[in-house]
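Participant: Sequence:
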Amino acid sequence: MGNAAEVAKRVNYAREVWEETGDLPAAVRRLMQDRRIGRRQAYRDLRRARRLQGPAPIPEATIAFTVKLSRRLVRQVRAHAAATDRTISDLVSRAIVAQLARSGGRG
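Under the working numbering, the first residue of the sequence shown is numbered 54, with each subsequent residue one higher.
Calculated from the structure, these hints are not laboratory results. Model, not experiment: these values are computed from the prediction. It is possible that some hints are incorrect.
[Stated by the list, open to error] Derived DEER-like restraints, expressed as beta-carbon distance ranges: (1) 111 x 75: 43 to 49 angstroms; (2) 137 x 88: 25 to 31 angstroms; (3) 134 x 85: 26 to 32 angstroms; (4) 93 x 124: 33 to 39 angstroms; (5) 77 x 157: 45 to 51 angstroms.
C-beta: ideal position from N, C-alpha, C; glycine also.
Model the full structure from these sequences, guided by the hints.
Facilitator: If you want it as structure tokens, here you go:
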């Protein structure tokens, strides 16, 4: 699917196209032509774009960061991510940011 910034930019463009056309088949054709993507990807982007209340924020670049967790905790994290329709990275990032906010940013 690409990195999160690319996806956000693509969905934001789909949102603009949807607002301009208001017609799903026309929007799909335009996305396919403008972005050189397939029909299925155009529909996916438009489905996401139509749910947005405003432009999707463009996230900052990320890097891989490996941690070791118990198998039980990994199962719980995966299950929670799936149940909330979030990525594991998003779920873990939010949890760490929340913890840092509670501790005042101190380790």
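Participant: Could you tell me which of the numbered hints above are not met by this structure, giving the numbers in increasing order?
Facilitator: 1
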